[in-house]
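Protein chains in written order, with the working numbering: chain A, 625 to 832; chain B, 120 to 298.
Bear in mind the hints are in silico, worked out from the structure with no lab data behind them.
Quick reminder that beta carbons are idealized off the backbone N, C-alpha and C, glycines included.
Warning: the hint list may mix true and false statements.
[Claimed, not checked] Simulated crosslink set (PhoX-like; lysine-lysine; CA at most 25 angstroms straight-line): (1) B:LYS223 <-> A:LYS806; (2) A:LYS766 <-> B:LYS223; (3) A:LYS812 <-> B:LYS223; (4) A:LYS806 <-> A:LYS766; (5) A:LYS760 <-> B:LYS246.
[As the list claims (entries may be wrong)] Sample of chain A residues lacking proximity to chain B, with all beta carbon distances greater than 12 angstroms (derived): (6) GLU627; (7) GLU628; (8) THR629; (9) LYS631; (10) LEU632; (11) ILE654; (12) PRO655; (13) GLU658; (14) ARG659; (15) GLU660; (16) VAL662; (17) LYS664; (18) TRP667; (19) ASN669; (20) LYS760; (21) LEU807.
[To be verified] Not the full set, but computed from the structure, chain B residues with beta-carbon under 7 angstroms of chain A: (22) GLU124; (23) TRP127; (24) PHE137; (25) GLN161; (26) GLY190; (27) ALA228; (28) THR237; (29) SER271; (30) GLY293.
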Amino acid sequence: MKEETKKLFQIFWTFLKIGPVTFGGGYAMIPLIEREVVDKKKWINHADVTDVFAIAESIPGAIAINSSTFIGYRIGGIRGAIAALLGVFLPTFLIVVVLSIVFLQIQNNPKIEAAFQAIRASIVALIVYAGYMIGKTAIIDKTTLVISVGSMAILFFLHLHPVLIIFSGIILGILLVNVKRKLGYSVKIKKEKSTPAQQLECYMGDGI
Amino acid sequence: MILFELFWMFLLIGFVSFGGGYAMIPVIEMEVINKGWMTTQQFTDVIAIAGMSPGPIATNSAIFVGYQINGITGAIAAGLGMVIPSLLLVIIIATFFYRISKNKHVESAFYGLRPIITGLIGYAAIKFAISNHLLDSFSWYSGSLLAIFALSLFSLIKLRLHPALVIVMSGVLGAAIYS
Numbered sequence: 625m626k627e628e629t630k631k632l633f634q635i636f637w638t639f640l641k642i643g644p645v646t647f648g649g650g651y652a653m654i655p656l657i658e659r660e661v662v663d664k665k666k667w668i669n670h671a672d673v674t675d676v677f678a679i680a681e682s683i684p685g686a687i688a689i690n691s692s693t694f695i696g697y698r699i700g701g702i703r704g705a706i707a708a709l710l711g712v713f714l715p716t717f718l719i720v721v722v723l724s725i726v727f728l729q730i731q732n733n734p735k736i737e738a739a740f741q742a743i744r745a746s747i748v749a750l751i752v753y754a755g756y757m758i759g760k761t762a763i764i765d766k767t768t769l770v771i772s773v774g775s776m777a778i779l780f781f782l783h784l785h786p787v788l789i790i791f792s793g794i795i796l797g798i799l800l801v802n803v804k805r806k807l808g809y810s811v812k813i814k815k816e817k818s819t820p821a822q823q824l825e826c827y828m829g830d831g832i
Numbered sequence: 120m121i122l123f124e125l126f127w128m129f130l131l132i133g134f135v136s137f138g139g140g141y142a143m144i145p146v147i148e149m150e151v152i153n154k155g156w157m158t159t160q161q162f163t164d165v166i167a168i169a170g171m172s173p174g175p176i177a178t179n180s181a182i183f184v185g186y187q188i189n190g191i192t193g194a195i196a197a198g199l200g201m202v203i204p205s206l207l208l209v210i211i212i213a214t215f216f217y218r219i220s221k222n223k224h225v226e227s228a229f230y231g232l233r234p235i236i237t238g239l240i241g242y243a244a245i246k247f248a249i250s251n252h253l254l255d256s257f258s259w260y261s262g263s264l265l266a267i268f269a270l271s272l273f274s275l276i277k278l279r280l281h282p283a284l285v286i287v288m289s290g291v292l293g294a295a296i297y298s
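Chain A with its partners taken away, still in its complex shape (with noise of 0.2 angstroms):
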C-alpha cells in the first residue's frame, strides 16, 4: 500500500514539473516525457510514448492532457491516470488564476486597456494562424475543400449550435470515404506526413 501511494505521488511529481512546459503546446513535452518517463524512471518504452501521442491526437481534449492521462493510466491503472492528470494540470491551473486575478485587477487601467485594443487585433490573427496550420493537414482535396467552405457558411447563416457541426463532420468523414471507395476512387485520407520537423510544426498553432 505504501509503495503504492509512493508512486502515485511519483507519478504526480513528475508530471507536475512537465506541467508548464506545455507552453510550446502538447508536442514540446515529448522531449521531456521521453527524458523523465522512459530514460529516468523505465515506467514505459519509446515505442508506447510514440502510441500514446497517436491516440492522443485522435481523441477529444488537450494533447497534453490526454497523453499525460495515458501515460498515467499505462504506468499506475486508474489512480495513475488521475496523479498524472492533476500533476499537469495544477501548474497551468494556478498560473491562469493568477494572471486572472492580475487582468480583473488591471484592466480598467488606460494603458492596459489600450494594449488589449491592439491585442485583441492578434488574437484574431492567432485564430487565423490555427486555422491555417490545421487546414495544411485538413484541406487535401476538393471534397474537404468544400466541407470546410459548407461548414463555415452553415455556421454564418444557419447559426447552428458548433457541437451538430462536429458530429456531422465525423458522419460525412466516415460516409464520403465508404461512398468513394464504392464508387471505385481511391482516396487519400491523410496527407503524407513528411519530415518530423513539419509533421510538429502543424501543430503549433493547434492550441495543444
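Position chain B relative to chain A; hints supplied.
Relative to chain A, chain B alone:
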C-alpha cells in the same frame, strides 16, 4: 447551482473538443454569450490571457471564464469539467481499443472532421474580427487594427514567433499608440 452549470457546460464541451483548443473557441463563445455571462469582446480578452499562459488554450479559457463567473471555485469547476472527459476517454480507450488510431473508421472520420474544424476556426476568426472592430468601415482606427493583425500573422507564420510573444509585443505596441 452556478458551479454545477459551469462544470456541466465545460464537461460537454470537453467531450467534443477535437483537433486542439482553437476549434472550441466558437463553442465556448456561443455558450457564454447565450448565458449572458460575457460579450464577444470580453471573451477575446479571455483568449488573450489563455494564450499568454502555458497549457492548453481551451482548458485555460475554461479556467478564466470560471474565475470571472464565480471566483476560485468557479475556476475549479470549469477546469475540472474541461479535463474530466479526457480522463474518462483515455480510460475507455486504453481498456478497450488500444489500436484506435489504426482503425479505418477513425481515419475516415478524421477525413471529414479536420476540414470541419478548419471551417469552425475560420468562422471564429471572422466573428472575432467583426466584434473587435477590424472590419468596421475604414477609419484610422480600423486601419491600424488591420495593420496589427497583418503584422501579427506575419510574425506567426513567417517569423515563427511564439504566440505568447506576439501577444505581449502587440500589447506593448497598443499601449504606445492607443493611449
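Least C-beta distance from GLU628 (chain A) to chain B larger than 12 angstroms: Non-interface label stands for GLU628 (chain A): nearest chain B Cβ at 18 angstroms, farther than 12 angstroms.
Agreement of hint GLY190 (chain B) with chain A interface, Cβ distance less than 7 angstroms: At 10 angstroms from the nearest chain A Cβ, GLY190 (chain B) fails the 7 angstroms test, so the hint is violated.
Does LYS246 (chain B) lie within 25 angstroms of LYS760 (chain A) when you go C-alpha to C-alpha? With Cα atoms ~21 angstroms apart, LYS760 (chain A) and LYS246 (chain B) stay inside 25 angstroms; holds.
With a cut-off of 7 angstroms, does the beta carbon of THR237 (chain B) approach a beta carbon of chain A closely enough for the hint to hold? holds (4 angstroms)
Would you assess whether THR629 (chain A), listed as outside the interface, keeps its beta-carbon beyond 12 angstroms of every beta-carbon in chain B? holds (20 angstroms)
Does LYS812 (chain A) pair with LYS223 (chain B) here, judged by a C-alpha cut-off of 25 angstroms? Holds, because 12 angstroms separates the two Cα atoms, which is no more than 25 angstroms.
Tell me if the interface restraint on TRP127 (chain B) is satisfied: Cβ within less than 7 angstroms of some Cβ in chain A. Since chain A brings no Cβ nearer than about 14 angstroms to TRP127 (chain B), farther than 7 angstroms, the hint is violated.
Is it correct that the beta-carbon of GLU660 (chain A) has no partner in chain B closer than or equal to 12 angstroms? Label holds. Min Cβ-Cβ 17 angstroms, cutoff 12 angstroms.
According to the definition I'm using, a residue is off the interface if its beta carbon is farther than 12 angstroms from all beta carbons of the partner; does ILE654 (chain A) meet that for chain B? holds (15 angstroms)
Mind checking the CB of ALA228 (chain B) against every CB in chain A and telling me if the closest is under 7 angstroms? holds (4 angstroms)
Going by Cβ atoms, does GLU627 (chain A) stay more than 12 angstroms from chain B at every point? holds (22 angstroms)
According to the definition I'm using, a residue is off the interface if its beta carbon is farther than 12 angstroms from all beta carbons of the partner; does GLU658 (chain A) meet that for chain B? Holds, because the least Cβ-Cβ distance between GLU658 (chain A) and chain B comes to about 19 angstroms, which exceeds 12 angstroms.
Violated hints, in rising order: 20, 22, 23, 25, 26; the structure is consistent with all others.
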